[in-house]
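**Student:** For the record, the sequence lines run as chains A and B.
Following full-length UniProt numbering, the numbering of the first sequence begins with 1 at its first residue and continues without gaps.
Following full-length UniProt numbering, the numbering of the second sequence begins with 1 at its first residue and continues without gaps.
Just so you know, these hints were derived from the structure itself, not from any lab.
Misleading hints may appear alongside valid ones.
As the list claims (entries may be wrong) - Taking lysine to any residue and the SDA-like style, the derived pairs with C-alpha atoms no more than 20 Å apart in a straight line are:
1. B:204 to A:97
2. B:204 to A:68
3. B:54 to B:294
4. B:103 to B:37
5. B:202 to A:104
6. B:204 to A:96
7. B:202 to A:149
8. B:204 to A:157
9. B:202 to A:33
10. B:204 to A:160
11. B:204 to A:151
12. B:202 to A:34
13. B:202 to A:77
14. B:204 to A:76
15. B:204 to A:153
16. B:204 to A:95
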Amino acid sequence: MRKGKHIDPRPELPLFASSGSHELVAEGVTQTFLDEGGNEVWALDDFSLTVSGPEIVGIIGPSGCGKSTFLRLVVGLDEPLAGSISFDSENIAGPSASRSMVFQNANLFEWLTVEENIAFGLRATRTYDECKYKIPRLVRMMGLDGFERSYPPQISGGMTSRCALARSFVQNPALICFDEPLSALDAFTRAALQDEILAMQAIAHTSMILVTHDIEEAVYLCDRVVVMTPRPGRLQGELVIDLPHPRDRVSPEFVEKRRQLLAMLDGSTSAPPGA
Amino acid sequence: MLLPVGAICIAYGVTGTLPNVYPADYVEGYYPLFLLVMLGVYLAVMATACFVPKLRRYAVHYAYLVAAVFLLVELLDVLTLKTGYLLLPFAPSPDRILEAVPKNIEAYATNLTASMMLLAEGVVIGLVTGFATGLLMGWSKIANYWFAPLLKVIGPVPSAAWLPIAVVLMPSAHLAGVFLISVAIWFPLSLMLSSAIRSTDKRKIEAARVMGASEPYILFHVALPAAVPDIFTALFMGLSSSFGALIISEQLGVKAGLGWYINWATQWGEYYKVFASVGIFIIIFYLLINVLFKVRDRVMTWQKSVVRW
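Just need the whole structure built from these sequences, with the hints factored in.
**Tutor:** What follows is the structure, given as structure tokens:
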């Protein structure tokens, strides 16, 4: 490692520039996609959701209910078939640095080192020179010190997730979408990463949308949780989780929220499809 | 580790004591000298290996192989010069093969240079065109529509079949040779590069899009690096078949080069020159392929090698 590498070159510059309140508004979003056999699959039906300010909104629902489909619309990878989806009153027409995403399998580029992976978005948008001071800071915040020059196949699953998390924060996004980001990790690493996400959110004040299968994770992280019906995904219900952080996973309140969420999910799976 | 020393000593002793009978009054010069030089080199390697553990492991590992090679060469010496069991001019003795190069150093130098120049020109043109069409076909559906059939028709045809047409179409035999060699590189490179780019992991492309990367940026910074393993497989295949193209074009069209020299020496019945030329080809092709694999290991530090050499 090079000498002096960890000295922050620009201590006066902010890591996260808070730029007021942001609002994501999705109204009556309907979306279909073609499956591998070329059949049209009705993924989302008349789905509405508003996310505003620094809140963490969880989306849970049975497999294939269109959760990931919704995230793709939010980051601008796809356009909805019907309905509208806007961010800060502007229709989402494509990807933007203000909305980032952490993918299910981390999706790092294995030919780039950890720090090059984090820097990818900056280089791609030609903002590397003015923002490169963020990289050593993010590396340190995420506990990736000493692994800056390692390649993704050489680091552990937990570090891969940390790197993906750092990468999603580097472009100073106002909204981060998480598509089951921790599902591949063991329980201990997952708990550590959950705290990491909360810590980053407390500093960066970003809005977050968290798609997950893990009810405990949803209750632990989210300010409110949206439950979806089986395909095509519709809004089944919403549960506000107003417990203070840090949350105790075995406290009666926490367990009660888990129970409520499970009950809502049971209601959504037992309902006849399309009802 | 002492095994090769024993083998060299046996070879030296046998070749020194047995009389030369075929041809009877032949005087060996280069082969005993070669054995002595090899003995010196190997002793030097052994001395160094005492201090370098990595070299020691290599030396121990390959000791049997090296010893066997020297015994085989001595067997050839016995079968040819010492007994005449194998007939001249088709089976020259090791001594004749070894003396071919120093006694015809000028011919070998000019022909080797000609071969390497021809190979270099063909390889460079093949690389440039291969990368260009590969990238274009991988990225643009229109380019793929027009180039893919051409690639599929021209590519699999062996160089030998092209040669007469290339000689007619090209203004000179030299250019025909360049054409054949570059086709040998161009075909696997453009085919594998374009298919690798088209099959780039969609999730990686989407990750790059979310981070605001433009289409050209994704092509050069996601699709191309992801295709590097396939590029090197293609270069390995292309380089191997370009050696074939080189020899074929030299034997039939071009009037200088080691391939041409092999043909010429064959017609004069000087098979020892043929063996020496083939030996040079073996060394050079081995070195070139080795260089390619070294380059690959440097470029692909992130990945363990797929094809081992």
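**Student:** Could you run down the list of hints and mark each one as holding or not?
**Tutor:** These are the hints, each one checked on the structure:
no.: 1; hint: B:204 to A:97; in the structure: holds, 17 Å
no.: 2; hint: B:204 to A:68; in the structure: holds, 16 Å
no.: 3; hint: B:54 to B:294; in the structure: holds, 18 Å
no.: 4; hint: B:103 to B:37; in the structure: holds, 18 Å
no.: 5; hint: B:202 to A:104; in the structure: holds, 13 Å
no.: 6; hint: B:204 to A:96; in the structure: holds, 17 Å
no.: 7; hint: B:202 to A:149; in the structure: violated, 25 Å
no.: 8; hint: B:204 to A:157; in the structure: holds, 17 Å
no.: 9; hint: B:202 to A:33; in the structure: holds, 16 Å
no.: 10; hint: B:204 to A:160; in the structure: holds, 15 Å
no.: 11; hint: B:204 to A:151; in the structure: holds, 16 Å
no.: 12; hint: B:202 to A:34; in the structure: holds, 15 Å
no.: 13; hint: B:202 to A:77; in the structure: holds, 12 Å
no.: 14; hint: B:204 to A:76; in the structure: holds, 15 Å
no.: 15; hint: B:204 to A:153; in the structure: holds, 15 Å
no.: 16; hint: B:204 to A:95; in the structure: holds, 14 Å
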